[in-house]
Amino acid sequence: MNALEVNNIKVGYNNHLVIDDFTVSIPKNKITTIIGPNGCGKSTLIKTVSRILKANQGTIMLDGKAINTMDTREIAKKMAILPQTAESPGGLSVFELVSYGRFPYRKALGSLSKEDYEYIHWAIDVTGLNDFIDRQISDMSGGQRQRVWIAMALAQGTDTLVLDEPTTYLDLAHQLEILLLLKRLNEKENRTIVMVLHDLNLASRFSDYMIAMKGGKLITKGSPDEVMTTDNLRRLFNIEADFQICPHSGHPIFTSYHLSEQDKDHD
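Numbering (this note's numbering), first residue to last: 4 to 270.
To be clear, the hints were calculated from the coordinates, so they are not data collected in a lab.
Glycine included, each C-beta is placed from N, C-alpha and C at the ideal position.
Among the clues, some could well be false.
Derived DSSO-like pairs: lysine-lysine, alpha-carbon spacing no greater than 27 angstroms straight-line [to be verified]:
#, residue 1, residue 2
1, K217, K31
2, K224, K68
3, K81, K50
4, K220, K117
5, K68, K57
6, K13, K186
7, K224, K186
8, K80, K217
9, K220, K13
10, K57, K81
11, K33, K57
12, K50, K186
13, K33, K110
14, K31, K57
15, K13, K57
16, K57, K186
17, K33, K50
18, K191, K13
19, K110, K217
20, K57, K191
21, K33, K217
22, K117, K57
23, K110, K13
24, K220, K191
25, K50, K13
26, K81, K68
27, K33, K224
28, K191, K217
Pairwise CB distance ranges, derived in the manner of DEER restraints [as the list claims (entries may be wrong)]:
#, residue 1, residue 2, range
29, D142, T233, 45 to 53 angstroms
30, P86, N10, 32 to 40 angstroms
31, N41, K80, 27 to 35 angstroms
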């Protein structure tokens, strides 16, 4: 079964088509990464799936139901979204921000229930934030803040977690920290993880399934072995890549690359 089905969507703004006739299925209980050059429509796809943007054409199905027939709370109980630039209101502690993840289940001005507290403390524990529960978000490092945002999303209790560039602006150690956390959540909690990543080697290492885009269109999809090939990276990025096998995942990664001949002609 698929967590998400994107069927023949077209998306654009200001009379400019960004995504054109795009169809793809995202498998349930797997880690799926979306890759492609800058401006190819990756973030637009995430925004459309999360209903920040409306598709001009086509349908998006979440657990077999069209998202345009679902209200916001219903979607928020099934899918948590972390945007590219998540910023917390000032003066919040870790506990307070994570508690926002329970919004879909709370009535207006209602207090947190016993179940809410259980989800909040579980999310804080699984993301390794118990020692920071009363810490102000503003006093935390970039990697720690990102873990808090993931904890908030987990507190929603959804089966699907969608992240737009969760490792952006993080140093190498914190990038790995976040991706290892997402891997654990997938393996131990059966969470469906969908994310946009710029680092192709990290995408290959941590993914079960990859979706490659260029110019608003689907170029290829499949396992890292199927997507991370010389021909595909040439089509996507105009490079010639040298590959080896990642010792941690057994998936292909590239160790070096040079411009393809067609790109050299433009230098």
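Do the hints match the structure? See the list:
no., hint, verdict
1, K217 with K31, "24 angstroms, holds"
2, K224 with K68, "23 angstroms, holds"
3, K81 with K50, "16 angstroms, holds"
4, K220 with K117, "46 angstroms, violated"
5, K68 with K57, "16 angstroms, holds"
6, K13 with K186, "31 angstroms, violated"
7, K224 with K186, "20 angstroms, holds"
8, K80 with K217, "31 angstroms, violated"
9, K220 with K13, "10 angstroms, holds"
10, K57 with K81, "19 angstroms, holds"
11, K33 with K57, "26 angstroms, holds"
12, K50 with K186, "23 angstroms, holds"
13, K33 with K110, "32 angstroms, violated"
14, K31 with K57, "23 angstroms, holds"
15, K13 with K57, "9 angstroms, holds"
16, K57 with K186, "30 angstroms, violated"
17, K33 with K50, "20 angstroms, holds"
18, K191 with K13, "36 angstroms, violated"
19, K110 with K217, "43 angstroms, violated"
20, K57 with K191, "34 angstroms, violated"
21, K33 with K217, "23 angstroms, holds"
22, K117 with K57, "36 angstroms, violated"
23, K110 with K13, "36 angstroms, violated"
24, K220 with K191, "33 angstroms, violated"
25, K50 with K13, "13 angstroms, holds"
26, K81 with K68, "11 angstroms, holds"
27, K33 with K224, "14 angstroms, holds"
28, K191 with K217, "33 angstroms, violated"
29, D142 with T233: 45 to 53 angstroms, "46 angstroms, holds"
30, P86 with N10: 32 to 40 angstroms, "24 angstroms, violated"
31, N41 with K80: 27 to 35 angstroms, "33 angstroms, holds"
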